[in-house]
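Chains A and B, in that order, give the protein sequences. Counting the first sequence from 1 gives a position; my numbering is that position plus 6. Counting the second sequence from 1 gives a position; my numbering is that position plus 28.
Careful: at least some of the hints might be erroneous.
As the list claims (entries may be wrong) - In silico DMTMM-like pairs for lysine to aspartate or glutamate, Cα to Cα no more than 20 Å straight-line:
(1) A:K220 x B:E46
(2) B:K80 x A:E202
(3) A:K250 x A:D143
Source of the hints: derived by calculation from the structure; they are not laboratory data.
Chain by chain, the residues:
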Amino acid sequence: MAEKEVTLMKGNEAIAHAAIRCGCDGYFGYPITPQSEVLETLAAEKPWETTGMVVLQAESEVASINMVYGGAATGKRVMTSSSSPGISLMQEGISYMAGAELPALIVNVSRGGPGLGTIQPSQADYFQTVKGGGHGDYRLITLAPASVQEMADFVDLAFELAFKYRNPAMILSDGAIGQMMEKVVLPPFKPRRTEEEIAKECPWATTGRLGMRKPNIITSLELRSEEMEQINLRIQAKYREIEKKEVRYEEYKTEDAEYLVVAFGSAARIAKKVIAIAREEGIPVGLLRPITLWPFPSQRIAELGKKVKGILSLEINAGQMVEDIRLAVECKIPVQWYGRLGGIIPEPEEVVEQIKKMTR
Amino acid sequence: MTKEEIIQPQNLVYQKPELLNDVPMHYCPGCSHGVVHKLISEVVMEMGMAEKTIAISPVGCAVFAYKYIDVDWQEAAHGRAPALASAVKRLWPDRLVFTYQGDGDLACIGTGETIHALNRGENITIIFINNAIYGMTGGQMAPTTLLGMKTVTCPYGRDPKLHGYPLKMADIAASLEGTCYVTRQSVQNVGAILKAKKAIRKAFEYSMQGKGSNLVEIVSTCNTNWRMSPDKANKWMEENMVPFYPLGDLKDMGK
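Chain B with its partners taken away, still in its complex shape (with noise of 0.2 Å):
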């Protein structure tokens, strides 16, 4: 069999996804942001509301998310995503609304934000990339950071007495009147990549079916600000932050 004979419609097996832009990732090799991105496009075309998608980027690594996914996108103030995803949803209920934030912009300096558009309920789905550090500015220390893990804002070790303690922001939202779904999800092998797709695909259609606000937590990695190869990120993440941050659904009001 000769290569032009192999590359034939019929035998495609796997493609990239007609929403994910054909450039080059700003992204670290081993970055779980690709995984997701990859994994948001997907849903948004399988759903059909390719057209009718409405997305805000946080500022953090994925601040260029509306590089790669190609709907339309507004780029938000730090933190501030859920704040404009409550206003773009009320304006146009028939519209896909989602966020796509980070540890730091979600739940630090978007706390209020973030709390308050999901006990609204309102009608739209968070995407929150849980890594526990800060990326972009270069591995500081996030309040998702694990107690005794090394960043360059606490290069002892996070420590209690000093920092407080890492917040649980899936379990706080589940326990808010206004969530519909609320998961914590991973991407670390196919298994959980094929999991977290049916959960971001779940959350986006309870938004549309207006049953509330959605969740979906992906404990991922940051290998390049944890120093470790992605391989080593991968089973670091497995074994240090789902013990303390637990995989699986905490709240599923839809069904």
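Only chain A is shown next, with the shape it has when bound in the complex (with noise of 0.2 Å):
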């Protein structure tokens, strides 16, 4: 077997790598910092040329985010990329993909807010995403990667759980995994799939009634209450269906841990190096990352709940997920924040700072 080549990039990079790689059909986008290297890099390597993989540059995040429904509508395999404030422009597109069940990608590169904010990393979006962010009542699917190899990963498997379940998939990362430069393994090359393939996949495509099928309909507009709410219905069974069996999580350490920090994306790197500053010190702290934040893994913490004696939500926002994991683990151990906000990355020391305070 051929070694995996193994290359030197950063995260956004990697983003519009693998995206070229799994055959993606589509990609529109507007520049924001810190992702605009999605779109530098895709306009670089002119996938139109050997894929055949549409580049647009939209005029807007308005714009990107409808034409990832139009593409979507039709079957293909379309993304977005955006950060923060252009993700607060996408949530009525999402919210209208998510009613009329369309399968796309969309990646954030989170930065501070509110506002304008900075364009230091964040982890501040953690609500607008696995909340809804949008209007009326829809889930994303939740990816959260940590290291460049997961940006590159994550793309493919977005893509595959959006269209198992025609749902928007999201891929929420912030600027330092973004912008930071790391080995990694480009995923092999996979071919788009052809009009025929899209014809089996996705009957329910707008793909112009070939062999005068019948026509197909992509709307969320219902105006009979009855019917609304048989969709509505129908769409939340999915939802349950995605809950129990898509939940994704890393454990470390969590073997012989009487602390348990709770991290994910950047925040977890940094736990992994606070828990072993705690250990060195005699504290015995494990971690739960988890990867897909919606599904949240509630059962797990609520499992690792009974074995210890409390919980640090590591954040890099003002507590947002520390919600989640209170919910999980019904409030009966303590289930405490830390996190720093407006781009500041917290330093190991003052994480374990908080984990001593905790046993005291």
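Given two chains presented individually in distinct reference frames, assemble the corresponding complex, making use of the accompanying hints.
And the structure:
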């Protein structure tokens, strides 16, 4: 077997290369720091000359997400990427896609807010991503990469999940993962699907009614309340199935842990250093890293909650995921939050201090 | 001659287009939408594109266009139809892709998407129904409402000091490098209907020939929200709308 080629690149660049390699049909985006390298890399790679992938710089994030809606409605593998303020602009389109049950990938390389905020990294879009963001009862399948390798790997995974459940999926990253350079093994090349393959995989897609089949209609509109309730119940049943089958997480040194840190993405990397320092000082700490933020690993956190004395939610925000952890353990044990704001990444030492406070 | 003898295929002079579904329309009696739907259905069929058409409906009265014209449809968010169409056409270049939008959708909330899709020269057609008022929400002022025209949000008539001026989207479209064909038509009588049909056909053909973006504005009526009979609305349209929105081709680069 040939050795896998290891390259060095930014997280944002890895997203772009992975998209070309995993049979993505179209990317529609608008420049915003700290994710502009995704569009820049795609423009430099010119995938339209190789795989036939469409790359288009839109006039706004609003247009980008609606281009994604149009492309997804034809059964194509389409995506966009942006950062926090741009993702806010996309919320209407994301809600429409959830309502029309369209599979697509949205990448958020998030930055500090609120408002124009800062271009430095932040995890403050957790609520927006997993609790809705747009209007209506809907959920986004959310993957949280903690490395450049996962940025590359999650592109195909997100598309697979999106198409499996006919639901938009998001990669919730941050400016640190997007901008840092790391070793990465890019995924193998996978061809774009043919028209026949799309027709087979997506019989609902609006591709033109070839063979004069029954017309396909993509819409989220239904004015009759009884019908609309049934549509909502069917979508909710789909969400319950995703919650049952698609929870993903990583555990680190939880076997003997008396205290548990729960952290995702960049914060989870800091948590591993925290655990090393704490253990040197005799405090057995473990880590649970949610890989899917929705569906959230509530059940596993509840199980670990029975074994540990306390949980620290380490987040680069003002305390958002901590609410889901408290719900998971039903507030039976102390669950505290620690984090920094404004684009500041917490130092491991300050987190260790927080854990020490919990042990007193 | 009995009725049965008269109803024979050789005596057929007019029929419902094959692509127009046999369902009651939600449009008000006298509305222009039904006529334009018929024309689109006829043109798509005559071009042999029924199996290769992807249409985008707006938010507004035509939101349910997908119930009437029997092709594949996507229902867009308010104003965003040209963004959907841009992506669809780029991903499926051999398909006939058009949007169907009203004045609120196209000239107000979706002005950005409209101008940029047209100026990128996307090989699509935008069918623009301009009746100078918001129909579905109940007769509010539109960007194309004429000065002095009364609506429920300007019951004393549109006043430029309060509301600014009516927007001539076709004129803007004609000034853009990306547009191939920009025309303004109407459907209030047989002559106008025949001209409008030719314009739609031309726009669809240019889009399939990859000549750039196309805008077909149909100066229309909304007799319900104008508070007029259909007949009077047609007359009012000719006397008031047409002088401000003159009919005819504004640009034809496809010749």
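Which hints from the list above does the structure break, by number from lowest to highest?
none
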